[in-house]
Amino acid sequence: MRILVVEDDKDLNGQLAAALKEAGYAVDCAFDGEEGHFLGDTEPYDAIILDIGLPQMDGLSVLEQWRRDGRAVPVLLLTARDRWSDKVQGIDAGADDYVAKPFHVEEVLARIRALVRRAAGHASNELVCGPVRLDLRASRVTVDGNPVKLTSHEYKVLEYLMHHVDKVVSRTELTEHLYDQDFDRDSNTIEVFVGRLRKKIGIDFIETIRGLGYRIDSASHAA
Amino acid sequence: MRRNSLSVRLAAIAGIGSAIALLVAGLVFITLFRQSVERNFDARLNVLLQTLVGATITEEGIDPASAALIGEPRFALPQSGWYWQIRNTTGGEVLADSDGAVRIAVLKGPAGRSLRGLERRISPPSGPSLAVLVAGDADAMAAEIAQFRFVVFSTLAIFATILAVGMAGLVRFGLRPLREVRDALKLVELGEKGSLEGEYPEEITPLVNDLNTLLRSNREIVERSRTHVGNLAHALKTPIAVLINEAKGEDPLAVKMRDQAAIMRDQIHHHLDRARMAAQTNVIGAVTPVAPVIEGILRVMRRVHDGRGITIEDDVPPDLRFRGEKQDLEEIVGNLVDNACKWAKSRVVIKARPDTASGESRLHLIIDDDGPGLPGESRQRALRRGARLDESKPGSGLGLSIVFELVELYGGTIRLEDAAAGGLSAQIFLPAVDKGDT
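The listed protein sequences correspond, in order, to chains A and B.
FYI, the numbering used here numbers position 176 of the first sequence as 176, with every residue one higher than the one before it.
FYI, the numbering used here numbers position 13 of the second sequence as 13, with every residue one higher than the one before it.
Isolated chain A, as found in the complex (with noise of 0.2 angstroms):
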């Protein structure tokens, strides 16, 4: 999962990134608005973190902008002006979710967690699919009901591809959702922790679709 963070203040700007990090996501980070709006249209992001009162350009133009070009990426306002008539205006503009300033980090990652998982159309914290059970809050996973030991980047694929189950996801997409824009990108990397995952939690788990990709099937993993 990869988080654009968007706040001109840079040690919380800091703060959000190294909680994010250390929740295994990968992080971008803007500090501007101009800056934070070219990331977000041409960066394939998974959640985005923005701040409403930022230099050059607001947030909420920002917001506005990306929606009018076709951009569903769910949004998290932060805003340090907490009336109504803000929120309001910030859902309206086309955020998903807000945070009001000053707020715990904890509380931050809980609303991405949410956000992700609602835009995959999830309503539990926790993924199913067959015998693997993925625990989005304590990252972890279990077949059949045993802890299995994963990885970060193996958990990262796996979390990516139960996200979207039933969906052929690329490598390039997944390369793309896994690892921020200063990674030194080797799609031949993902083969090797899809690899790892399938002697972990059984070979037939996640398919691949020669010249396309990955998949969950929900189908085949049924009761």
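Calculated directly from the structure, the hints in this document are not laboratory data.
Any given hint could turn out to be false.
As the list claims (entries may be wrong) - Quick list of in silico lysine to any residue cross-link-like pairs, SDA-like style, CA-CA up to 25 angstroms:
hint, chain 1, residue 1, chain 2, residue 2
1, B, K326, A, G94
2, B, K248, A, G94
3, B, K248, A, A100
4, B, K248, A, V128
5, B, K345, A, A110
6, B, K248, A, G121
7, B, K256, A, R140
8, B, K326, A, V88
9, B, K256, A, V128
10, B, K248, A, D11
11, B, K248, A, R133
12, B, K248, A, D86
13, A, K10, B, N231
14, A, K21, B, K248
15, B, K345, A, S152
16, B, K345, A, D9
17, B, K326, A, D82
18, A, K167, B, N231
19, A, K21, A, R133
20, A, K10, B, Q260
21, A, K10, B, V47
22, A, K10, B, M257
23, B, K345, A, G121
24, B, K351, A, D86
25, A, K10, B, D306
26, A, K10, B, K351
27, A, K10, B, L236
28, A, K21, B, N231
29, B, K326, A, R133
30, B, K351, A, V88
31, B, K345, A, A17
Chain A is already provided as a structure; the job is to place chain B on it using the hints.
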């Protein structure tokens, strides 16, 4: 019309003044007329008396037959009201009299008629001294005067009516600018206009200008403090967020920093809310349509609580209007609906109704949820100023207390009851704008 009204005062002064003037004029006219009529009557009697004396009293004595010659045929008619009489006054009836003295007397004639008579004493050189009386019909004269009185009073009554209509028009026309000011002020009170509009006479233009200046400066002060409060909030909240998140772990310094930052956060919330509130109250002419505010908040709630399986229903008539600031209504409804959505299991219902049970126009808001509800003791605590009940859900520590204070500020009431669905039902009464006010 109220007693203390300019129209009433003007009408009273003009009305009483004109009534007295007309009455005095009428009485003077009638008196003058009566005097003139009586003088004429007496002059005529005098002529008749002289002629009578000349014709009937001769050297030889009295010749009643000659009375027919004096040119007043009514003396000859019976019961005509016109009589003459010559009496012998010898015998000491009159003690002293200058010859030719004339006496006017009102007499009672035959058949109950009033007569006005003129009497003169004559002492001829030969013969006894005489009293000659000529009397005419006074009733005819009285009738003539009464006729005149009727005409005078009728004319004056018509005149008074015309005067009254004219005065009413004058009062209306003269006071129209004041009525226009009142109407313009009403529009400002209703929030439909920002200032008094229109052209006014030079006497009240300064007043209107001063009022407009006052309204403008009032709005500017409110706007300025709002902007100031917003800027202050923005400036302080980001650094506090940094502090709160920087202080990680169980290091005593970190714990202390976290605690202090949390206190700072709460204090800022508390004081900013109150500063905002203080700036907003007593703004003349704040009127807020209810439906758009609730719709906006529900858009937020539906988006934010999307995926939790909560249905949010609303039933708000489109013409309800709250007598107060939009932000205050947003704060009241927003915090209560937010709480309801946080606690609800599956359903939140928001209703708004007009309420006139107390005699004045009020807005009745009902916010029901099907959550765990609130036990009686906590409800009591919730209704105390500044109490915090909802700390277990994040980000809402000050939500309820600000609601209670705002409702109180507007002279409204709030009740927490059991909802039909099992959860909490918040019932709020706030001042509304009556439909008839526009």
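Outcome of the hint check:
1. B:K326 / A:G94: holds, 22 angstroms
2. B:K248 / A:G94: It is violated: about 33 angstroms lies between the C-alpha atoms, which goes past 25 angstroms.
3. B:K248 / A:A100: Cα-Cα ~20 angstroms, so holds.
4. B:K248 / A:V128: violated, 33 angstroms
5. B:K345 / A:A110: holds, 20 angstroms
6. B:K248 / A:G121: Violated. K248 (chain B) to G121 (chain A) sits at ~34 angstroms, over the 25 angstroms cutoff.
7. B:K256 / A:R140: Judged against 25 angstroms, a Cα distance of about 33 angstroms means the pair is violated.
8. B:K326 / A:V88: At roughly 13 angstroms apart (the allowed maximum being 25 angstroms), V88 (chain A) and K326 (chain B) satisfy the hint.
9. B:K256 / A:V128: violated, 41 angstroms
10. B:K248 / A:D11: holds, 14 angstroms
11. B:K248 / A:R133: Outside the cut-off at roughly 31 angstroms; violated.
12. B:K248 / A:D86: Violated, because 30 angstroms separates the two Cα atoms, which is more than 25 angstroms.
13. A:K10 / B:N231: holds, 19 angstroms
14. A:K21 / B:K248: Within the cut-off at roughly 16 angstroms; holds.
15. B:K345 / A:S152: Given that 25 angstroms is the threshold and the Cα spacing comes to 35 angstroms, the pair is violated.
16. B:K345 / A:D9: The hint is violated at about 38 angstroms.
17. B:K326 / A:D82: holds, 15 angstroms
18. A:K167 / B:N231: violated, 46 angstroms
19. A:K21 / A:R133: Measuring from Cα to Cα gives roughly 22 angstroms; hence the hint holds.
20. A:K10 / B:Q260: Holds, at about 22 angstroms.
21. A:K10 / B:V47: Between K10 (chain A) and V47 (chain B) the Cα gap is close to 129 angstroms, so the pair fails against 25 angstroms, i.e. violated.
22. A:K10 / B:M257: holds, 20 angstroms
23. B:K345 / A:G121: holds, 20 angstroms
24. B:K351 / A:D86: Distance ~23 angstroms between K351 (chain B) and D86 (chain A) Cα, so the pair holds.
25. A:K10 / B:D306: violated, 32 angstroms
26. A:K10 / B:K351: Given that 25 angstroms is the threshold and the Cα spacing comes to 45 angstroms, the pair is violated.
27. A:K10 / B:L236: holds, 15 angstroms
28. A:K21 / B:N231: Not OK: K21 (chain A) and N231 (chain B) at ~31 angstroms, beyond 25 angstroms, violated.
29. B:K326 / A:R133: Cα-Cα ~48 angstroms, so violated.
30. B:K351 / A:V88: Cα-Cα ~19 angstroms, so holds.
31. B:K345 / A:A17: violated, 34 angstroms
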